[in-house]
Amino acid sequence: MALRMRQLGEALRAFLLPQPNRRFWIRLGLEIVVAWVFFGKVCTLSWTQGESMLPTYGDREFLLCWQPRYWFRDPRPGEVVMLRLAGPRVMLLKRVVAVAGDSVEFRGGGLLVNGKEPDAFWASLTLCDWDLPERLVRPGHIYVVGDNRSMGIDEHEFGEIAVSRVVGGPLFH
Amino acid sequence: MRRKKHLWRPLLKLLLVAGVAAGLFYWLRPSEEKRIRKQFQRLSEAIEKSGDEGNASAAVKMFALGNLLHEQIDISIRDFPYNGEQSAETLISLATRGRSFFRTISVDIYDIEVILIDHELADARCVARVAVESDNYRDHGVRHFMASLAKIDKSWQFTGFREDELLRK
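Chains as they are written, first to last, in this note's numbering: chain V, 1299 to 1471; chain D, 241 to 409.
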């Protein structure tokens, strides 16, 4: 028992305080590269700023942006996406309400996609008084809106954006 | 015979080196796109301000800004009170005045997409992120722009800025 405890202690010490030999440096280098690729290109750490996605996402919430979600397919209506706004660091968090070929309209605060209100929880999460004439989403684009439509239409950043700007989607909430 | 052989060898080497140098110069010289990107970098450097900037440094930056702007610049930016045709002098004086309100200004320009119209005209789409800070005020914003440039005296100068909407409502 005492021998086993001593072996365990040695193994723990070797793990926590490794000898800086060649093997250690190779392992450390590989770990840095893997972490850099994973957190830089696959799963980006991010924080929300602003209240345009209330009540789904509040201000200063921690998010993981899962990029592989849209490597092989385009976003679908209802999905929350993260869009590249300025460089690799600044992104927009919005909900897709319509895709290419769909018509979008706000009438008396109600969202109309192809002339009818979407039968989904995200269609009217907050009170809204927006009015926006009907428009058609161009090919290669999606129409994104924040969930908090209680703010003024001019204060809220939303609209049609190129699919190429989609970085990924939040991994969990 | 021997002497002639000795004369040709260095000449051939010289020609070879000259050829390689010409090739390197041709392949590595900055393209017009790179030159335009550089102008954006210079523009952000001219506007940026650090906390300990002195008068001489500010004057140098405004001189650099003057070199980047054409005589007349057409501006169309949302909420900007001086939209329309403006002279470079007007913009430099506005920039000088605007910079004095803040202790620090940082400007980052991303996603520069150059569209060469011809050898002397170009448009460039970009995203600018500006953050300002004074003693009791802090703000930042992101705007998308379409800049127009013209090549004057072998140097690209900005001739216009208009806002380019990323999200079309």
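Derived by calculation from the structure, the hints in this document are not laboratory data. Honestly, I wouldn't trust all of these hints.
Okay, the calculated beta carbon distance ranges per label pair [what the hints assert, rightly or not]: (1) D:352 - V:1374: 27 to 33 Å; (2) D:290 - V:1356: 44 to 50 Å; (3) V:1460 - D:290: 42 to 48 Å; (4) V:1399 - D:404: 22 to 28 Å; (5) V:1370 - D:260: 28 to 34 Å; (6) V:1418 - D:381: 46 to 52 Å; (7) V:1349 - D:343: 26 to 32 Å.
From chain V, some residues computed to sit far from chain D (all C-beta separations above 12 Å) [to be verified]: (8) 1308; (9) 1319; (10) 1331; (11) 1342; (12) 1377; (13) 1383; (14) 1388; (15) 1406; (16) 1456; (17) 1458; (18) 1460.
Remember, predicted model here, so these are calculated numbers, not experimental data. Ideal Cβ positions, reconstructed from N, Cα and C, are used throughout, including at glycine.
Against the structure, the hints come out as follows:
1. Between residue 352 of chain D and residue 1374 of chain V the beta carbon distance is about 31 Å. The supplied range of 27 to 33 Å therefore holds.
2. Range check, residue 290 of chain D to residue 1356 of chain V: about 34 Å between beta-carbon atoms, so the 44 to 50 Å window is missed.
3. Judged by the Cβ atoms, the range 42 to 48 Å given for residue 1460 of chain V and residue 290 of chain D is violated: they are separated by roughly 35 Å.
4. The supplied range of 22 to 28 Å is met by residue 1399 of chain V and residue 404 of chain D, whose beta-carbon atoms lie about 24 Å from each other.
5. Separation of residue 1370 of chain V from residue 260 of chain D is about 45 Å and departs from the stated range, judged on CB atoms against 28 to 34 Å.
6. Evaluation of the 46 to 52 Å hint for residue 1418 of chain V and residue 381 of chain D yields a failure: the beta carbon distance comes to about 32 Å.
7. Checked against the hint of 26 to 32 Å, the C-beta distance between residue 1349 of chain V and residue 343 of chain D comes to roughly 28 Å, which is consistent with it.
8. The Cβ of residue 1308 of chain V sits about 50 Å from the closest Cβ of chain D, beyond the 12 Å cut-off, so the non-interface label holds.
9. At roughly 42 Å, the least C-beta separation between residue 1319 of chain V and chain D is larger than 12 Å, which holds for a residue marked as non-interface.
10. Residue-level check passed: residue 1331 of chain V sits 25 Å from the nearest beta carbon of chain D, beyond 12 Å.
11. For residue 1342 of chain V, the requirement that its beta carbon stay farther than 12 Å from each beta carbon of chain D is met, with the minimum near 16 Å.
12. A cut-off of 12 Å between C-beta atoms confirms that residue 1377 of chain V is not in contact with chain D; the least separation is 17 Å.
13. Distance to chain D contradicts residue 1383 of chain V as a non-interface residue, since its nearest Cβ pair spans about 6 Å, not more than 12 Å.
14. Residue placement check: residue 1388 of chain V does not keep its beta carbon more than 12 Å from all beta carbons of chain D (closest about 6 Å).
15. Every C-beta of chain D lies more than 12 Å from that of residue 1406 of chain V, the closest at about 17 Å, which supports listing it as non-interface.
16. The Cβ of residue 1456 of chain V sits about 6 Å from the closest Cβ of chain D, inside the 12 Å cut-off, so the non-interface label is violated.
17. For residue 1458 of chain V, the condition that its CB be more than 12 Å from all CB atoms of chain D is violated, with the nearest at approximately 4 Å.
18. Chain D draws residue 1460 of chain V into its interface by the beta-carbon criterion, the shortest separation being 9 Å against a cut-off of 12 Å.
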